[in-house]
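Asks: Please construct the entire structure, taking both the sequences and the accompanying hints into account.
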Amino acid sequence: MAVNKDKNSYTMIFAVIMVLVVGTLLAGFSSGLKPMIKANEKFEKQQNILYAMGVNDNVGSGDVAFIATDRVADAFNTYIKEQLVIEGATSSQNDKAYLIDVKKEGAKAKKAGYQRKLPLFIGEKDGKKLYIMPVRGKGLWDAIWGFVAVDKSMTVQGVYFDHKGETPGLGAEIKQRYFMDDFIGEKLLEGTTYKGIKVAKGNNDPKNMIKDDYEVDALAGATITGDGVSAMLKKDIAMYVPYFKTINN
Amino acid sequence: MGLLSKKDTRLILDPLADDNPITIQVLGICSALAITAQLKPSIVMAVSVIFVLGLGNVVISLMRNIIPSKIRIIVQLIVVATLVIIVDQVLKAFAYELSKELSVFIGLIITNCIIMGRFEAFALGNGPWKSFLDGVGNALGYGVILIIVGFFRELLGSGTLFGFKVLGDSVEKTGLYAIGYENNGFMVLPPMALIVVGIIIWVQRSRNSALIEEN
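Which chain is which? The protein sequence lines are D and H, in order. Numbering of the first sequence is given in my numbering, commencing with residue 145 and proceeding in unit increments. Numbering of the second sequence is given in my numbering, commencing with residue 39 and proceeding in unit increments.
One thing to keep in mind: the hints can contain errors.
To be verified - Covered stretches of chain H (in silico footprint by chain D; criterion: 3 or more residues with CB under 8 Å from a CB of chain D, positions within the stretch not fixed):
| no. | stretch |
| --- | --- |
| 1 | 56 to 68 |
| 2 | 116 to 123 |
| 3 | 150 to 157 |
| 4 | 223 to 230 |
| 5 | 239 to 251 |
What the hints assert, rightly or not - Selected chain H positions facing chain D (Cβ under 10 Å, derived; list incomplete):
| no. | residue |
| --- | --- |
| 6 | R48 |
| 7 | F89 |
| 8 | V113 |
| 9 | Q127 |
| 10 | V128 |
| 11 | K130 |
| 12 | A131 |
| 13 | F132 |
| 14 | Y134 |
| 15 | E135 |
| 16 | S137 |
| 17 | I186 |
| 18 | R191 |
| 19 | E192 |
| 20 | V209 |
Claimed, not checked - Facing chain D, according to a computed beta carbon distance under 10 Å, are these residues of chain H, among others:
| no. | residue |
| --- | --- |
| 21 | I81 |
| 22 | K138 |
| 23 | F143 |
Keep in mind that the hints were calculated from the coordinates and are not lab data. Cβ atoms here follow ideal geometry from the backbone N, Cα and C, with glycine treated the same way.
Replies: Here it is as structure tokens:
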């Protein structure tokens with residue numbers, strides 16, 4: 145075969161064919177696997193919501209263990225009694241509320257005149273009514289998000305945090321149990337004023353025995369991620385405070 | 039003759055010690071520093087690189103006679119990127135939890151200079167089988183260092199291995215912590231990875247004087 149590989153035309157044809165082959169291959173993979181990836185993402189969200197309200201497979205003080213993927217859909221239907229979408233002063237039931245994209249809603253809410261849709265999940269565990277809210281904010285490198293479960297008086301009953309790209313061993317530790325479990329029992333309201341929970345350095349209470357100081361102990365070496373968690377809780381949960389005021393009256 | 043000839047065995051074994059990509063060729067240092075704060079991501083990164091480099095070397099080797107030399111670097115880059123995206127998508131579909139653990143690291147494989155280095159230096163001039171062995175060997179050599187560094191950094195920095203508290207609980211003061219042991223917080227920061235890699239290079243060179251350059 146006498147093909148001159150140094151000719152520009154050969155290079156061009158090679159590049160075009162290569163791009164076509166690779167493009168087709170990747171497009172095929174992407175659309176073939178998309179349903180499975182979407183389903184996995186849905187299950188993950190359900191697992192996270194259930195984790196925050198204490199429905200999980202945690203053993204002792206070990207690692208975070210979600211309820212298994214094959215049981216999650218059933219458990220979600222059992223434990224989550226109501227799904228609400230709060231729009232301003234009104235709220236309506238919607239059993240697809242967990243599919244609301246908090247990131248997109250946050251972006252849309254920046255435009256004037258847009259009424260942000262806030263999903264709220266009401267679950268029941270051991271006879272206790274729990275309200276679970278999604279939160280989303282910024283860490284050091286990328287997005288952080290999570291779910292916070294509170295009771296009627298806005299005392300935290302459980303949290304789940306996750307992140308896109310925080311530093312392993314430092315900021316990424318926000319999704320470890322020793323950090324998340326510290327939030328349990330912390331109060332968000334002082335009287336009727338919303339305080340939030342601060343991830344505090346130089347905490348006098350490293351074992352977090354005092355539950356009404358609106359503080360949890362920070363992670364060493366992860367100041368910005370910790371500040372991101374404080375800011376995320378302060379900003380996103382505050383949006384739900386009016387709803388809690390109505391149900392408490 | 040077995041499956042591997044003597045030369046083939048050397049392709050696998052050399053990069054593990056005397057021609058190690060990290061400690062001798064000093065390639066792939068960036069990822070070695072970034073992801074070795076804990077043992078688990080180190081191992082997963084090692085496995086992913088073995089897959090991408092092994093397969094990528096074969097693909098490049100099969101195409102070596104038709105790749106126009108003017109755009110060969112771009113072609114190599116496309117091959118790595120394609121493989122990495124496929125790995126990422128397959129993990130997301132079939133091993134979602136694992137893929138979440140690795141998402142960032144999988145993407146980082148594209149920038150690993152060992153991969154481009156092996157494509158350029160070996161796969162472009164050798165047959166597919168030899169290229170496969172060379173790829174796997176170099177990825178193993180990279181992985182071994184990653185795992186050693188990850189082991190020491192997690193053990194000394196956090197007192198854990200795979201997240202298990204092997205030295206006792208630092209908050210409750212049990213185990214070693216009861217007699218006054220403290221975690222070295224510096225170990226979890228990237229500079230310490232460089233120092234650990236440096237110590238490995240030092241140990242390796244003092245054991246094998248053939249590696250020391252003459253001035």
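Asks: Now tell me, hint by hint, if it's right for this structure.
Replies: Now the hints, each set against the structure:
no., hint, result
1, 56 to 68, "violated (count 0)"
2, 116 to 123, "holds (count 3)"
3, 150 to 157, "violated (count 0)"
4, 223 to 230, "holds (count 3)"
5, 239 to 251, "violated (count 0)"
6, R48, "32 Å, violated"
7, F89, "15 Å, violated"
8, V113, "6 Å, holds"
9, Q127, "5 Å, holds"
10, V128, "7 Å, holds"
11, K130, "5 Å, holds"
12, A131, "4 Å, holds"
13, F132, "7 Å, holds"
14, Y134, "4 Å, holds"
15, E135, "8 Å, holds"
16, S137, "9 Å, holds"
17, I186, "17 Å, violated"
18, R191, "8 Å, holds"
19, E192, "8 Å, holds"
20, V209, "7 Å, holds"
21, I81, "13 Å, violated"
22, K138, "8 Å, holds"
23, F143, "9 Å, holds"
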